[in-house]
Structure formats: structure tokens, C-alpha cells
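Assemble chain Z onto chain D, guided by the hints.
Number of protein chains: 2
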Amino acid sequence: MADPEAVGRAFLDYFYGLFATNRAGLASLYQDSSLLTFEGAKFQGQQNIIQKLSTMPFQKVAVQRDTVDIQPSISGGILIFVTGKLMPEGEVQPLKFSQTFHLMPTPSNSFVVTNDLFRLNYG
Amino acid sequence: MADPEAVGRAFLDYFYGLFATNRAGLASLYQDSSLLTFEGAKFQGQQNIIQKLSTMPFQKVAVQRDTVDIQPSISGGILIFVTGKLMPEGEVQPLKFSQTFHLMPTPSNSFVVTNDLFRLNYG
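These protein sequence lines map, in sequence, to chains D and Z. This note's numbering numbers the first residue of the first sequence as 653 and each following residue consecutively. This note's numbering numbers the first residue of the second sequence as 653 and each following residue consecutively.
Incorrect hints may have been included.
Which copy? The list can't say, so a pair holds if one copy fits it or any two copies do.
Claimed, not checked - Straight line, CA to CA, 30 Å or less: simulated DSS-like cross-link-like pairs of lysine-lysine: (1) K737 to K694; (2) K712 to K694; (3) K737 to K704.
It should be emphasised that the hints constitute simulated quantities derived from the structure, not laboratory data.
Bound conformation, chain D alone:
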């Protein structure tokens, strides 16, 4: 079985690398049953999720991870819990955020995001 910690950290490198500059490129990480809750708004399925992620009010954004916690879940799944800061290009004030991912293994030894929950932490 894959090491959850290693898989989780590799996933985050890949995810936030694309999130920073090319959010449409995240499509392969989601499937039709994937769920995203973004600031309380719910989206299901690769197409809806990528549309949401692609139309955020900034283009380039730097992502700083402050804490990363990873646990194995059932059936080979991996839970990832991140706190950090978004720094959209041209903005002075970083935006604190928390994000939870649930990854599940695929038959082809890859992982998909089954659950994605994102919140900005104001104040």
C-alpha cells in the first residue's frame, strides 16, 4: 500500500502547483462523483468543479502551506488537512485558508479527489 504521507505531500505539490497558475489543469484529479464545497457553495463532478476553480477572481496566486496533516482513511483512502495562505497576484494582504481533501485510489494506481472542502478563515 502506498505511504499516505508521501502520496499526500506529492498530491499537494501537484495540486497547488496547478492551482497557482493553471486551475483548468486540475481536471484529471476529479471525477463525476467528486464533491467540492467552496466557501459553502456546493459543486459536483469534474466539469462543475473545474468551472468553479477556473473562474475565481484572480489568475495567478501563490499558495503557502502553513500546516499539513495526513491520515490514512478507509479502503486505501487518504485524508489531507491543510491550513495556509493564498496570495493572489497584485494583492497585498494574504488570505488565510483551510482545506480538506479526501483521496481515493483508482484501479490504475493513481488517486482521485472524492471530496474537497475549502474555507477562507477571515479575521
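Quick look at chain Z alone, frame taken from chain D:
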């Protein structure tokens, strides 16, 4: 199948009610395979988790939930993602926190916490 949103919110009422005043009473929510990551420190199993929760540096604490996001997970599981504030008795400054729970159904139509990840959000 149970409504994840209703189950999740009922769970949070129960969990934070006990967390506020009687953390030892949370024992029945965890089992031997349950995982807790608390401020980066890892604990496994009912006994270790309750010992950690029971020896926190405050007795009574008020818990304010600012955001609650709930998604169904695989195999009847439920993911719960909370942001909020802890207000330990006698402290003036609230502590912002984020917490993720993964619940799984039991054969007796109840739920246990398989995964619990907790972080304070400083600054």
C-alpha cells in the same frame, strides 16, 4: 441512508457539547482504529485519544462554530469540516480553529469517528 447533513450537525452538537465540559465523555465516539492528529501530534485508539483530549490545558471551554461544511464520503461515511473559535474559561482571547471529522457508520446504525484532525489557526 441517513442524511449526511442532519447526521453531521447532530454529531457536532453532541461532540462539542461534551468537548466543552466533559471530554472524557467522548470515548464512545472513538474506536481502536480511530486516528486523531491534534496540532500535528498523532494519536491512535480510543484510550490514547481520550487521554489527549482529557488533559488539555483548560477545563471548560466554549466552542463557537463559524462555518460547517458536510459531504457524504464513501461507504456511507460523512466528512465534516468546521472552522470556529474556542473560548477557554478565564481566557479573554478566543482561539481560532479548524477541524475535520470523518465518520463511518457502525452495524448498530450509529457512527464512529475514524479520523479527527484539529488545528489552531494562529494570527
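Hint by hint, here is what the structure shows:
1. In this assembly of identical chains, the alpha carbons of K737 and K694 lie at most 30 Å apart whether taken from the same copy (22 Å) or from different copies (24 Å).
2. Within a single copy, K712 and K694 get their C-alpha atoms as close as 23 Å, which meets the 30 Å cut-off; across copies the closest is 35 Å, which misses it.
3. In the homo-oligomer, the alpha carbons of K737 and K704 lie at most 30 Å apart both inside one protomer (19 Å) and across protomers (29 Å), since each shortest distance falls under that limit.
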